[in-house]
Each structure stands twice: as C-alpha cells, then as structure tokens.
Amino acid sequence: QQQVKQSPQSLIVQKGGISIINCAYENTAFDYFPWYQQFPGKGPALLIAIRPDVSEKKEGRFTISFNKSAKQFSLHIMDSQPGDSATYFCAARGTGNQFYFGTGTSLTVIP
Amino acid sequence: DGGITQSPKYLFRKEGQNVTLSCEQNLNHDAMYWYRQDPGQGLRLIYYSQIVNDFQKGDIAEGYSVSREKKESFPLTVTSAQKNPTAFYLCASSLSGQGAYGYTFGSGTRLTVV
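In the order they appear, the protein sequences are chains A and B.
Residue numbers for the first sequence follow the numbering used here, so the first one is 22 and each next one is one higher.
Residue numbers for the second sequence follow the numbering used here, so the first one is 2 and each next one is one higher.
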C-alpha cells in the first residue's frame, strides 16, 4: 500500500518551461514533506521541504505548493534546465519519524 | 566532510552466495536505513535501525539481514534466500525524533547476480 502517491511517472519539458510533479497522501499524521532529487547512479539528495502549516515554500527556481485540506503537495520547477533532468521523489514524515516515499518522477528537460 | 559511504559501488553475486554491503556514516546520526530501488518502483524499505543493537524489518526484509553494532555502521547482508537481488541498494541516515528533517543518502551499491 503506497502511503504517498506520486504523478506523473515521467515528464518531458522544454528548456525554460515549468515542470510540475504532484503527490497525494491520506495519513493526516504526516507532519513534514521533503522532496529529493536523484541523478543516475547517485543517491537521492534533499532538495526542498515544507511543513503543513505553510502553503508555499520557494527556494530559487524550486517551489513546493501545499494544500492541507486536499492532502496534496506539488513541486514546481520554474525555468527548467537540462541540468534539472533527474528523478524526483516526494516524501512524508510519519509516526516514529519514518519517511514514506513516492514512486518517483523521471524528468527530462529538452534543450 | 560528513557523509555516508557505501561500498562497494558495484557488486556481483553468484547464485547461492551471501554478500554484504557496507554502509558507514560520520554524521553522528542515530537512525540508519536500507532501501532497495528498482526501476519504476521507487524506494522500498528493507531494514531500519534507530539505535545501536536494535533494528526493525521494513516492507521487504525477506532474504536480507542487518546488524547495528556501532552507531556509525549498518551493514546489509543479501542472503541466498533473496531470489531476485539484482537492484540498486541505498543506505540512508537521519537524526531521530523531531530532528529527523530528512535522510542523507549514500551513493548506492549496484548488485548484480551473475
């Protein structure tokens, strides 16, 4: 049973465009929502994170939008660049401070 | 530099062999985790440990074993009972309690059965 559902599985965006990845959850006990970026052959690296009492967090070209009532959150990558091509995972922190991961989105930014 | 070191980067296993993947961290993190990554399936939790000498099974623990004798080390053994071990294995660590703001991952070990 997937605790965090992520979509789409893959995404192709033109350079300069906006990449949007969505995640949804059911467990209202989740209290922290990070996003990870993974390049091929490497481990995931923490990209940006948000608490549920905040509706939006922005760091450079990366923004998390959080809708607590809908139990959904999304990652927006503005002005997408070929160097952003990677797999992105959303995650949620649950009881016992364990993190639950989405299934990942493979992003390809076309020059 | 603080971080997590996984070794080896590539590992080949013959049928019926046990192999051990190493994971060492110098971040002074209490909790450590092992994940398996297969294409299209995201990250699946194998085992985790929140304190020395204690560990719990994750979602796919069958065919795997771990130990946590030192805070810095959390080796994973892939036993011959694991029928489909070819995958990318990731080790991670974090602070425990409310200090767990995310995991720090190692660079992974790619295990292939030959």
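If you are wondering where the hints come from, they were derived from the structure by calculation, not from laboratory data.
In this text, all values refer to a predicted model and were calculated from it rather than measured experimentally.
Beta carbons are placed, not taken as given, at the ideal position from N, Cα and C, and that holds for glycine.
Hints should not be assumed to be uniformly reliable.
[Unchecked claim] On the chain A side, residues computed to face chain B include the following (Cβ under 10 Å):
| hint | residue |
| --- | --- |
| 1 | 67 |
| 2 | 110 |
| 3 | 118 |
| 4 | 119 |
| 5 | 121 |
| 6 | 123 |
| 7 | 124 |
[Claimed, not checked] Straight-line Cα separation of at most 20 Å, DMTMM-like style, residue types lysine to aspartate or glutamate; simulated pairs:
| hint | chain 1 | residue 1 | chain 2 | residue 2 |
| --- | --- | --- | --- | --- |
| 8 | A | 63 | B | 16 |
| 9 | A | 26 | B | 63 |
| 10 | A | 63 | B | 25 |
For each hint, the structure was consulted:
no.: 1; hint: 67; result: 5 Å, holds
no.: 2; hint: 110; result: 7 Å, holds
no.: 3; hint: 118; result: 4 Å, holds
no.: 4; hint: 119; result: 7 Å, holds
no.: 5; hint: 121; result: 9 Å, holds
no.: 6; hint: 123; result: 6 Å, holds
no.: 7; hint: 124; result: 4 Å, holds
no.: 8; hint: A:63 x B:16; result: 26 Å, violated
no.: 9; hint: A:26 x B:63; result: 24 Å, violated
no.: 10; hint: A:63 x B:25; result: 16 Å, holds
The structure shown violates the earlier hints numbered 8, 9.
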